[in-house]
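Here are the chains, one letter per residue:
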Amino acid sequence: MKLILDEEQAALLKTARQFMDERSPVSRVRELRDSADATGFSRALWKRMAELGWVGLNLPEAYGGSELGLFELCLILEAGGRNLCPEPFLSTVVLGAGALMAAGTDAQKAAWLPRVAEGDAIVALASDEANSRYDVCAIEARAELDGDGYRLSGEKSQVLDGHVADLLIVSARTAGGRSDREGVTLFLVEAGTPGLSVTRQSRVDGRNAAIVTLESVEVGPGALLGAPGAGCALLETLRQRAAAAVSAEMLGLASAAYEQTLAYLKERVQFGVPIGSFQALQHRAARLFIELELARSSVLAAARAADDDPAAFPELAALAKARASELVIHVTNEAVQMHGGIGMTDELDIGFYMKRARATAVAFGDASFWRTRWADLRGY
Amino acid sequence: MKLILDEEQAALLKTARQFMDERSPVSRVRELRDSADATGFSRALWKRMAELGWVGLNLPEAYGGSELGLFELCLILEAGGRNLCPEPFLSTVVLGAGALMAAGTDAQKAAWLPRVAEGDAIVALASDEANSRYDVCAIEARAELDGDGYRLSGEKSQVLDGHVADLLIVSARTAGGRSDREGVTLFLVEAGTPGLSVTRQSRVDGRNAAIVTLESVEVGPGALLGAPGAGCALLETLRQRAAAAVSAEMLGLASAAYEQTLAYLKERVQFGVPIGSFQALQHRAARLFIELELARSSVLAAARAADDDPAAFPELAALAKARASELVIHVTNEAVQMHGGIGMTDELDIGFYMKRARATAVAFGDASFWRTRWADLRGY
Amino acid sequence: MALDEAFGDEVRRWLEEHAPRSLRGTRRGRFDGFWGGRKATGVDPDVLRWRDMMAERGFTAPTWPRQYGGAGLSAADARTLDQELARLGLPPAVVGFGLTMIGPTLLDYGTEAQKRRHLPAICRGEIRWCQGYSEPQAGSDLASLRTRAVPDGDAFVVDGQKVWTSYADLSDWIFCLVRTDPAAKKQQGITFLLIDMETPGVTARRIALISGASPFCEVFLEGVRVPRAQVVGEVNGGWTVAKALLGYERSMIGEAIGGQLATSEAQLVSGARRHLGAAAGPLPDPSLRDAIVRNAMDERAFALTIERARQGVQSGRAPGPESSIMKVAGSELKQRRWELAVRIAGPAGLGWEGPGFAADDLEATREWLRSRANTIEGGTSEIQLDILARRVLGLPSGKEAGR
Amino acid sequence: MALDEAFGDEVRRWLEEHAPRSLRGTRRGRFDGFWGGRKATGVDPDVLRWRDMMAERGFTAPTWPRQYGGAGLSAADARTLDQELARLGLPPAVVGFGLTMIGPTLLDYGTEAQKRRHLPAICRGEIRWCQGYSEPQAGSDLASLRTRAVPDGDAFVVDGQKVWTSYADLSDWIFCLVRTDPAAKKQQGITFLLIDMETPGVTARRIALISGASPFCEVFLEGVRVPRAQVVGEVNGGWTVAKALLGYERSMIGEAIGGQLATSEAQLVSGARRHLGAAAGPLPDPSLRDAIVRNAMDERAFALTIERARQGVQSGRAPGPESSIMKVAGSELKQRRWELAVRIAGPAGLGWEGPGFAADDLEATREWLRSRANTIEGGTSEIQLDILARRVLGLPSGKEAGR
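Respectively, the protein sequence lines represent chains A, B, C and D.
The first sequence: position 212 = 212 (my numbering), numbered continuously.
The second sequence: position 179 = 179 (my numbering), numbered continuously.
The third sequence: position 111 = 111 (my numbering), numbered continuously.
The fourth sequence: position 295 = 295 (my numbering), numbered continuously.
Derived from the structure by calculation, the hints contain no laboratory data.
These numbers were taken from a predicted model, which means no experiment stands behind them.
Check each hint, because a few of them may be wrong.
What the hints assert, rightly or not - Straight-line alpha carbon distances no greater than 35 Å define the calculated DSBU-like cross-link-like pairs of lysine-lysine that follow:
{"hint": "1", "chain 1": "C", "residue 1": "Lys243", "chain 2": "C", "residue 2": "Lys186"}
{"hint": "2", "chain 1": "C", "residue 1": "Lys186", "chain 2": "D", "residue 2": "Lys185"}
{"hint": "3", "chain 1": "A", "residue 1": "Lys266", "chain 2": "D", "residue 2": "Lys185"}
{"hint": "4", "chain 1": "C", "residue 1": "Lys185", "chain 2": "D", "residue 2": "Lys186"}
{"hint": "5", "chain 1": "A", "residue 1": "Lys14", "chain 2": "A", "residue 2": "Lys266"}
{"hint": "6", "chain 1": "D", "residue 1": "Lys243", "chain 2": "A", "residue 2": "Lys2"}
Chain A extracted, bound-state conformation (with noise of 0.2 Å):
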């Protein structure tokens, strides 16, 4: 398995870096949220990653994609974790482009998938409600059979972009109860509907969701999204491929967040000599760089076995999402211990770091979920 960039890749990751480093540095997120704006990240800046191809890279030629890899993304993924880039990567790339390629009509496909890759169309899925915790088919919401289509009720909750979705892919129980695994159905579900009602939350990372609450929301038969009764299996898959995708993001913030801190190790002067001179300090920043470099490998080996290996995927996932859970924690941690007093002001970036650390190592599982995960695929 191949571990290491090719040099388009590696051409790609540098665009992406400096693209970030520019157009989105850290301050940005900061401004959005001192500022309360109402959609939380840029919309001409998604335009223009839209244009860079970025937005589509994952998709078919034939709806404006460039058909490259998760891997490709990862890299894209990363390097907007370095600076807690806010676009919709998670929500309409992965999840909701992913549902729709994955489970979509050609008529679902063609009306959405070429807005999406423009950088038109906003989508997210409605899926977990308050009470799922980490369980896909814990879903409550009710979608009763209504002449052809169907009506929907229910509340979802932390919706990833929810507040400004065009297209919401609703999960609601066709049958069975509560975590049972049958009986789940996937529907599209456009803004404006009525009987749809968004209202934004706030999040620690300041990261943009939403409680999406449908009452009795009509959908005609062309709003179902793959087999009736079969969307655990397909929310199952869209985790698994969130949980690489956001491993790289994670990734990405553990290397800025520890990069930051090495710099006030070198700057910072106590006792008249940098701090980073202090052996104790050392070691722990030694430890740190061994957990990043272990985390990178299976990051990487987990991209890689999206594209190109899928019966290696479902482990490299969970070794990913859960060593990255771990990382980013454990790394934002020692950040603010070695910053000191002004790591806990507001005034310095790494508390942003350490919010989003914790939402991410949060979502689609946290480390305990993919290590329970492993040892079901392991057979133990």
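Fit chains B, C and D to the given chain A structure using the hints.
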């Protein structure tokens, strides 16, 4: 709860420390091992300890004891633990005499306890089997009614001091299957009873243990210890006391290994300075010190509760054993690492501490076992 | 009947008769109470009445001498008093750094005039104190502080900046370290000063933390005139005073944490039951269950260690640099507890504010972020471990300058 | 067909036709094979035949130049060769420190005469080498070594003691660091010497470890005459040679551990099934289950990192002090693995030897004890972390002397 020693207890501890240092240095453990001593401890020294009142410490005066508590016994065990003293406190005093006191008839007590207190009788608990792990009810040995008495068959494993025991307390099923809580019965079996055979085992810590095989061993009705079928509850009570007692031994062991390491850090010179001046080692040594102090409080509290606060004892025993078990492994690992290559050689004593640490950490339930027990006790 | 039992009986009767009913059963931690000071507003009249009756008898500082507003009690009687207060769930009548930090320091190092001026006011909660130690360039290396005090007649003129001063904006006086001899070796040119916050040139400004609003302030000192009579200890001898005070601070932090931890296991378990949807029986996530046990065991061991140290002091042992144990262990314990709380909450623990997040979870998330400072404030864990290694374990000093 | 494919096909046919059938499928780790040397006795004739046929083609040291006994293969072709050997489960034909340590060092620093004398003998496994670096007073601080070499005509006379010399008693030659200029600063008075173990004055004695018998020896050097021609590099310039060799050693240790770990997850799971009495399904002890997963994930991440580093080197990146990562992570991984193995065994893991203990458990217990040395030998973890911090992370040096 009183967590410090009163004057008498301080004097007892001082005497015990002095005695152990003079009469039972670690070199004795090495000699016993290297000479493949058949007893594995010193009967003369045991007799001397009995004269000091340590063997009958917890027994009523009527049987030659001094009616002191587990707290006082723990002081002796801590002093012994510092020097890896191999005399049969756990088998004879805590388990053996403990079982007789808890469930013996007056006749049984009168027959054995005075001899125990005088240092003349060794008693062993022959209960665990090769597959028992940490389940005191996992017993497959069988006892069948035979006239007034019973016939015992089965195999017991790692019976502490079983190789020289004058009296064995044997568990066997009179009803139920492996791991059933009901149906285990305890019997007194004297050494030399036909059908009983004892094979000494060689353990990593050099401590004395034996396989005890019972082939249709006939015992009379007077051999029954406690009510038939009710042995598990007694075994659990004994384990709890033994866990607290061995935690005191572990505290001594950890303290001594730690002190030897601290001394080495001050004395060993590399790069022109004592290695104890390196901050990374200093911080690790300081963390060990913290762990030691936290464990010390836990062990003292458990021992005190055994005597004064039976309601609090189960939790505190769990606390003491869980903490002490992790402590001894952590301390001895660090002790070897900080000693470097020489710490790996059989020439140094540290290896003896590491091996005994492992055995004590596993004895009567490991840390994970006692954490689970804590959760059970606390209702979650 | 022994004398101390008589004291207990008398106090019990007095409290039962006079303590405000509205305050009974409201006791929480040792530091939840009336912080006092000239800027305190809107205080419940019962709280003031409680303060007055307790201060009257010297019970706000029970072990301090009577002439300075204390009750002159023995440690044993003070403990009896505290047990009787606890029995009725009564909060401390006055709390704050006056009682825990500067008061004990003045008792040891203050002039008679300083004691008479400041201690009674502290006992009555009339003056609220804050601590001016850290500076932007002087964190762990406290002795590298740069705030300068230049003699000018019978006063010093102080210029500089302090940081991490809790509630400076609500305090009346600040105790400060300042540099009076820039030529001397670091620790030797420092003086310990008491400064009235109303002196011209003193301003305080709050700092926002990663967990949101905070009580911490920056304090700017610009041409602040401070009479020489407000020096504690010797001019250029402030480091000795400062170290003694840090000892009080460390043991205070340890005890404070001990108090806060008492209910943590129950809270974590109930959080886990709520988030895992398991009303009774063993928690269905064994890994979380084990983590809760580890936390509970750590807390119990820590509480037992505080208790053991307390008994040791009572029986005549001097408290020493072992207080660093309490600081390191207690602060990390608190961090692990909140880390675990947010782990238990899972996705529900990602809220910053409503809607869609439970109040308990929102609190846990803020506390988790706030707790990251526990191992930094009051002397970082690294500094505490250095102190432990050198002063308690006797390990030789490295060649790093100044430590 | 590309050239390298042609090479692969040719090698495959050659191996399939000629490689001893008895050795096929016996491949274990990279260091399980024929260690060679004059003292090797009772060696299986097939092993010798295999050695001969491989050495004949230069395949025991495939990337070394042909004139020194190698095959002059590119890294890619060497990898192809290894893949073909792996396909048939064939062990390396010769293993040892000659191939992994002193050989590469001589290629870089040896004289032409030294290369011609020693390299072909290494390739044929005729001479077994051991390493004489550490001394009782020179562990982590290797440069403080005291073994002295005093010039005497065209030779040096060596006196001193080495320790931790693996298999010194079975080796023919030793490569040694000795002090040739006691007046110079530590690193500058050291010379790298090759010594025939049969020279009068050399004796080796085994060391017993806490895990029992060991391959480690003490080597005593008393008045040992070593010709000057056996100096590698410059007199007093041995430190440069030594550091290069330590780099080979670290990457060798990392790779060796990578190989040993491949089967660990399956072994741990089967151990847990045996000890928990759970033949199938999820392991009934969730805490052990999680620990096994952590171990397996650590190992996978480690193996992937070794593979990534290998690919980096193949694509032209120079290997650097990052090998310290492999040493630290690999050795601790191995320790955790055996720690976990004994934890799984529980009481059954307390055996030193039979009766009453299973062979697997006895092995695990010895390996657990033995593994405690992994973070000491070949440069302690502490030293590796120092190297990482300074050379890779660029953190400033502390004031400690000499590091």
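Here is how each hint holds up against the structure:
no. : hint                : in the structure
1   : C:Lys243 x C:Lys186 : holds, 14 Å
2   : C:Lys186 x D:Lys185 : holds, 34 Å
3   : A:Lys266 x D:Lys185 : holds, 29 Å
4   : C:Lys185 x D:Lys186 : holds, 34 Å
5   : A:Lys14 x A:Lys266  : holds, 26 Å
6   : D:Lys243 x A:Lys2   : holds, 31 Å
Of the numbered hints stated above, none is contradicted by the structure.
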